[in-house]
Amino acid sequence: MNDTIAAIATPAGEGGVSLIRISGERARECALSLFRTPRGARLDDPAPRKVYFGEIADPAGECLDQACLTWFKAPRSYTAEDVVEITAHGGVWVTTRILQAILDQGARLAEPGEFTRRAFLNGRIDLSQAEAVADLIAAASDRALHTAVSHLKGGLSHKLGGLYDRLIGVLSHLEAAIDFSEDGLTFQSAEESLRIVRSVQKEIQTLVESYRQGKIYREGARVAIAGKPNVGKSSLLNALLQEDRAIVTPFSGTTRDTLEERVRIHDIHIQIIDSAGIRQHPEAIEALGIERTRHALERADLALVLFDASQPLDSDDRLLIDTVRGKPLIVLLNKNDLEPHIDEGEIRAQLPQAPVLSLSAQTGTGLAELCDAIYQTVAGGTTPDTSLWITRERHRQHLARARDALEQTCQSLEQNRSEELVAVDLNLALDHLGAILGKTFAEDLLDHIFGQFCIGK
Amino acid sequence: MLKGNGMNRYDVVVIGGGHAGCEAALASARMGCSTLLITLDKDKIALMPCNPAIGGVGKGHIVREIDALGGEMAKVTDRTGIQFRILNRSKGPAVQGSRAQADKQLYKDEMRRVLESQAGLDILCGEAEELVFEAGRVRGVVISGGRQIAASAVVITTGTFLNGLIHVGLKSSPAGRVGENPATRLSQSFLSVGFDLGRLKTGTPPRLLAGTIDFDRLEVQEGDRDPQPFSFSTERIDRPQVPCYLTTTNEATAQVVRDNMHLSPLYSGRIEGVGPRYCPSIEDKVVKFPDKLSHHVFLEPEGLDTDWIYPNGISTSLAEEVQWKLVRTIPGLERAEIVRPGYAVEYDFVPPTQLLPTLETKKVRGLFHAGQINGTSGYEEAAGQGMVAGINAALGVQKRPPLILSRMDGYIGVLIDDLVTKGTLEPYRMFTSRAEYRLILRQDNADFRLMGKGHELGLVSREDYERCVEKYRQVEGEIRRLSETRVLPNPETLEKLRRIGIEELRAPTTLCSLLKRPEIDYLQLYREFNGAEVSRHVGEQVEIQVKYEGFILRQNQMVEKQKKLETVPIPADFNYSGVSGLSREVVQKLEQIRPVTLGQASRISGITPSAITLLFLLLEQRRSGGGGHKARAAADGNA
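So the protein sequences, as listed, match chains A and B. Letter 132 of the first sequence, counting from 1, is numbered 132 in my numbering, and no numbers are missing. For my numbering, count along the second sequence from 1 and bump the result up by 1000.
Calculated directly from the structure, the hints in this document are not laboratory data. One or more hints might be untrue.
Claimed, not checked - Over the 12 Å line for every Cβ pair with chain B, so calculated as not near, a few chain A residues: (1) D45; (2) V51; (3) L64; (4) T87; (5) S181; (6) E192; (7) I196; (8) V208; (9) N230; (10) D343; (11) A405; (12) A423.
What the hints assert, rightly or not - A partial selection of chain B residues facing chain A, derived with a Cβ cut-off under 8 Å: (13) M1007; (14) C1050; (15) L1087; (16) L1293; (17) H1296; (18) T1432; (19) K1516; (20) P1518; (21) F1551; (22) Q1555; (23) V1568; (24) P1569; (25) A1572; (26) S1580; (27) L1582.
Built from N, CA and C at the ideal position, the CB exists for glycine as well.
Could you put the whole structure together from the sequences, leaning on the hints where they help?
Below is the structure:
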């Protein structure tokens, strides 16, 4: 049986309004004992989902604040239990007094995430929705918020549920062919099964790939700045940090003695890594810092590779080109305010995939274009309203394993292996999808078989 | 000793002489317990009231497991089978199932002979009318006439006899099987204990007279040329083998069904019990799958010396005159005569979630249930449970630890775990898809999996067991030899490989790796790269184990985390309602089932993965003695 929990649901601080949520068997009783109508009467019989205006008094009868009260009757509430929400005026002191009064009535202070956990345990939302709520609370940007909201509506569940059902369909043919081979039934051909499994595998692969994107929206992108000494790395960093606030804003709370700086481009956080390396003195012992550059590149979603446009390419530049080759990167030809001497053609030939931008970190020309390019590269061309991103490492791992298991499934189908062997890997894939959806399939499968085939010879 | 009329006290009493009762009584007596089998009619012992066949995919696995544990069903089938076939022969060994048409008369005669010659086992003809209880324990039974027989354990295997009700058309009559009275008084005795009861339904087709069937026009279905026995101890099958025949229903058959739906007890609402989806009546087939115009009908002889034919596929409870019309629409059956009409039977079952994995009831110590009373269907499923119930009844009397078969041990383990954990809504039949360890639960290695247990229990002779140990010692040795024998890509090897269908070998490899290739079988490999002499059975095991290895590894990968949960015991007095974070529904289910391990808990329907995680943390904490957490205190019942 669940006890009754309560907490302030809005962020701490002086806000316009604050919301106190109570959930559990005694939620209604706790809240009503403190609530008075504008005429000072007790509200004994509230209708569910209706907003009542009145005031909250402490048990001694002292009015604490004017407030609105809404009662959600189980199971039609956030947690599927009886829930009361009280909206009061903000203010730490007042809100805390109200909460304290509720706790005095026998409720317990909720642990972090406990409302969502109850919603999940009560079957109100599934695992991926529960995780999306956690994401929503911690969403770092608008786009992440959008993704979180889309998961919450069941976008991911819906998508995966569809893939899951298609695989169950294939599995039910395999299983029926094993257990009811004598019943005179016709089963899907291996080719047909293969076609379906391949197409599901492809969609899962797309989701796996979306993880990088999703992670960027949730946690921000990591961008490394690479280049030989004196090429203008520090100027570029400073320029990015000081660029027009409308486009780039320094992220508060970072300190200059860390190795990383954070800026924001539109709705994406950008972490610029290895800034200490960038800030080192030109006379440092290790001229290029290849090792450190490599290390930074390993952790980066994108590298900004700087060349001095006023100088011809030298051996350090060529070493750098070899180091960054194959990584996602943008080539920057800095110092375009000086007379150009660089062989741009050679760079383009050596790094054919990379966009090349010309700019001056010193004067600021080309910076806006750079911001756009960074944004385009890390945010990609996908529009937020049609796509789903995987935002959790746990989801990515399960999906990657499901994809691999489906690869094995396809191999077995191509080799014309017996059904029970094909089923091993198909089961494995379903198990991984089920782990995200929070379900097991044993029962689904038999229902599916009996619904589809006339079993019984 | 006089049979069945002398003693008034036994260690174990078994009520019911069907397939569950036979195995239960034999196991108990063989383990040294004085045992009494009570049956209504000695002539109906080990009767097959439905199809005259033993085994099949999944079911055949169970029969082999019964044999490995020291049971009787496989041996009796081998001695009385009249057509043996291995189903799914084109598929892998894990899903091949042995099936035999049995001569019904011979089968029950032979089983009765075994029972009657079993030392320590008495058979009594009569009706068990009442169970005697005292302080939560069963103390004995009262049989018709008022005689009381004391017992330390009672195994109930009453099949469809609890409140049995037979339907033919709109006529219904109380009966356990056609022509036999139901066990009404015993049903009442059950209710007095407070068991929940459920209601199920099953059915059987009309039987036809062989002489009135035009077999010449029908497709013949022969058995295997080289019939393979069920029992690990049977050398070969030497009874004459007979064919079955195949025909099909057609649109005219469906029309007869449709025209007479008003005479169907199934569709007029007279039958309340839930029937099996995998074994639908012809009425169900026509209604639920209207697009399928034709259904298979297998004509199976009921024996060598009988002219009764069992038409497998047209189970029905339509009125008798409709059954005549229906049968005669089928090719080959135009002049067929019905010797006994088909019927449906409704019966009470005791939902098996009220049982422990030993098949002992939770409510009454010493009381065991096995077979259809637990909601299963099938002779094999019944016999498997009878075996486990009989063994545990005896172990309980002898104060030895119980036998609990896990889902990894065998299909019997899967069956019982499903029953006691999930219960069942329809008559439960085994399918291989129910077994997550399917690739290791094979017919061919049932001896490896269970014979040790059978021997330990005293049900398998030392000789049989040692033969099994020796066989698997040889298998292991041969696999080691194969993986240690290197093959180099030289002309001599390439020539040998070409002879067995391999065109290229680029790098050195081992014989074991070669055998993993789908196109190579062990015999070919053995011929070309010969080694030590091994028997056919050893060679078969080597081949299966090597070829399946990669798949088995991946299968186990999936069940690995589950395996961990199986090893976490839940104390019998665990206080679920004290766990904060479990919903009321979850608590209710856990309290009802009282799972023995966390693994079992995770299979209860409606128990979420997060509830399991929560319980796992609590149990771990409890085990390690880590203190201070309020949830733990709650679970200990202190909060």
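At a threshold of 8 Å, is the proposed contact between H1296/B and chain A supported by beta-carbon distances? Holds: closest Cβ of chain A sits about 4 Å from H1296/B, inside 8 Å.
Against chain A, is C1050/B within 8 Å by beta-carbon distance? violated (13 Å)
Verify the interface restraint on P1569/B: the C-beta must sit less than 8 Å from at least one C-beta of chain A. violated (22 Å)
Checking the smallest CB distance to chain B, is D343/A really beyond 12 Å? holds (46 Å)
Proposed interface contact between A1572/B and chain A, which counts if any beta carbon pair is under 8 Å: violated (21 Å)
When the least beta-carbon distance from T1432/B to chain A is tested against 8 Å, hint result: holds (6 Å)
Please check whether P1518/B passes as an interface residue: C-beta within 8 Å of a C-beta belonging to chain A. holds (6 Å)
If you take the shortest Cβ to Cβ gap from V1568/B to chain A, is it below 8 Å? violated (18 Å)
Closest CB of chain B to the CB of E192/A still more than 12 Å away: Label holds. Min Cβ-Cβ 18 Å, cutoff 12 Å.
If I take the minimum Cβ distance from N230/A to any residue of chain B, is it greater than 12 Å? Holds, because the least Cβ-Cβ distance between N230/A and chain B comes to about 53 Å, which exceeds 12 Å.
Would the least Cβ to Cβ distance between V51/A and chain B come out above 12 Å? holds (28 Å)
For the hint on Q1555/B, does the least C-beta distance to chain A fall short of 8 Å? holds (5 Å)
In this structure, the earlier hints numbered 5, 11, 12, 13, 14, 16, 19, 23, 24 and 25 are contradicted, and the remaining ones agree with it.
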